[in-house]
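A.B. asks: Sequence:
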Amino acid sequence: MNQNQLTILLEQLVSGNLSVTDAVNKLKHLPYEDLGVARIDHHRELRQGVAEIILGQSKTLDQLTTIVAALERRQRNILVTRLDETRGAALTQQFPAGEYDELGRTFCLIHQPAAICGRGKILVICAGTSDLSVAREAVITARMLGNDVEELIDVGVAGIHRLLSCQEQLHQAAVVIVVAGMEGALPSVVGGLVAAPVIAVPTSVGYGAAFGGVAALLGMLNSCASGVTVVNIDNGFGAAFAANRINRQGN
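The sequence shown begins at 3 in this note's numbering and counts up by one.
Hints were generated in silico from the structure; no laboratory data involved. Among these hints, one or two may not hold up.
Think about it this way: if two alpha-carbon atoms lie no more than 25 Å apart in a straight line, the pair counts; the simulated SDA-like pairs of lysine to any residue are [claimed, not checked]:
| hint | residue 1 | residue 2 |
| --- | --- | --- |
| 1 | K123 | T231 |
| 2 | K123 | V52 |
| 3 | K123 | F243 |
| 4 | K61 | I112 |
| 5 | K61 | N234 |
| 6 | K61 | A72 |
| 7 | K123 | R41 |
| 8 | K123 | I248 |
| 9 | K61 | R75 |
| 10 | K123 | G51 |
| 11 | K61 | R84 |
| 12 | K123 | G240 |
| 13 | K123 | G148 |
| 14 | K123 | L172 |
| 15 | K61 | D43 |
| 16 | K123 | S135 |
| 17 | K61 | T23 |
| 18 | K61 | A92 |
| 19 | K123 | A197 |
| 20 | K61 | V39 |
| 21 | K61 | C110 |
| 22 | K123 | I112 |
| 23 | K123 | R164 |
| 24 | K123 | A72 |
| 25 | K123 | E153 |
| 26 | K61 | G100 |
| 27 | K123 | S228 |
| 28 | K123 | K61 |
| 29 | K61 | Q77 |
| 30 | K123 | V191 |
| 31 | K123 | A92 |
| 32 | K123 | A91 |
| 33 | K61 | E13 |
| 34 | K123 | A244 |
| 35 | K123 | H163 |
Only a predicted model underlies this, so the values are computations on that prediction, with no experimental measurement involved.
Work out the full structure: start from the sequences and follow the hints.
C.D. replies: Right, dumping it as structure tokens:
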């Protein structure tokens, strides 16, 4: 339940168009619903403006099915992240209205498309095609949260002219997410070109000395471009959530 829905419910109660019993039934699962395998935080949208999002990693199909079914009963837009193809296909079979994105490893079930809001566009920049999985997770998450999102793909520093030819997109963005592996240099370049907040996402892409993304993470943390913010390795979701909060400030 979000603030708008709660306001409508209270107005109906005051006007007599809704009985006390019906109002209690609509509110009885606040603040959370205990499913045994999880406690669904139905109060989160009231607190944060965004309903609970499900991390699919390490959850069994039965656990995921129970959680998704509980959210669907509440007519929520549902996002599950970090799903392998087997469980993604199984969820799609059980919830045919949903859609599994193999590249982004996400499952989305939309009851009502989120209204586009925010100060402007979120631009997701991907250094290389090998980083696309993490970038796509960021894109899908940001769109599910109601943001206008654009993508720039394969514009890494090995061919910096590819990025420099897209300066109009860079300067039009309200928030920029930069996803890169290897040495993780791209966020520093972008951070030196734009005034918008830059969120850097290191990926685990790279050869031996990349240490599964640690090299990119350290490079981004030591960026010489002032104000670049860094999230954890492969955390496209976290970058998109932070970008959403920044984009909504002042709205």
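A.B. asks: Give a verdict on every hint.
C.D. replies: Results of checking the hints against the structure:
no.: 1; hint: K123 x T231; in the structure: holds, 18 Å
no.: 2; hint: K123 x V52; in the structure: holds, 18 Å
no.: 3; hint: K123 x F243; in the structure: holds, 14 Å
no.: 4; hint: K61 x I112; in the structure: holds, 21 Å
no.: 5; hint: K61 x N234; in the structure: holds, 21 Å
no.: 6; hint: K61 x A72; in the structure: holds, 16 Å
no.: 7; hint: K123 x R41; in the structure: violated, 34 Å
no.: 8; hint: K123 x I248; in the structure: holds, 11 Å
no.: 9; hint: K61 x R75; in the structure: holds, 20 Å
no.: 10; hint: K123 x G51; in the structure: holds, 19 Å
no.: 11; hint: K61 x R84; in the structure: holds, 10 Å
no.: 12; hint: K123 x G240; in the structure: holds, 17 Å
no.: 13; hint: K123 x G148; in the structure: holds, 11 Å
no.: 14; hint: K123 x L172; in the structure: holds, 10 Å
no.: 15; hint: K61 x D43; in the structure: holds, 17 Å
no.: 16; hint: K123 x S135; in the structure: holds, 21 Å
no.: 17; hint: K61 x T23; in the structure: violated, 36 Å
no.: 18; hint: K61 x A92; in the structure: holds, 13 Å
no.: 19; hint: K123 x A197; in the structure: holds, 14 Å
no.: 20; hint: K61 x V39; in the structure: holds, 10 Å
no.: 21; hint: K61 x C110; in the structure: holds, 17 Å
no.: 22; hint: K123 x I112; in the structure: holds, 21 Å
no.: 23; hint: K123 x R164; in the structure: holds, 20 Å
no.: 24; hint: K123 x A72; in the structure: violated, 32 Å
no.: 25; hint: K123 x E153; in the structure: holds, 10 Å
no.: 26; hint: K61 x G100; in the structure: holds, 18 Å
no.: 27; hint: K123 x S228; in the structure: holds, 21 Å
no.: 28; hint: K123 x K61; in the structure: violated, 33 Å
no.: 29; hint: K61 x Q77; in the structure: holds, 22 Å
no.: 30; hint: K123 x V191; in the structure: holds, 20 Å
no.: 31; hint: K123 x A92; in the structure: violated, 33 Å
no.: 32; hint: K123 x A91; in the structure: violated, 31 Å
no.: 33; hint: K61 x E13; in the structure: violated, 40 Å
no.: 34; hint: K123 x A244; in the structure: holds, 14 Å
no.: 35; hint: K123 x H163; in the structure: holds, 23 Å
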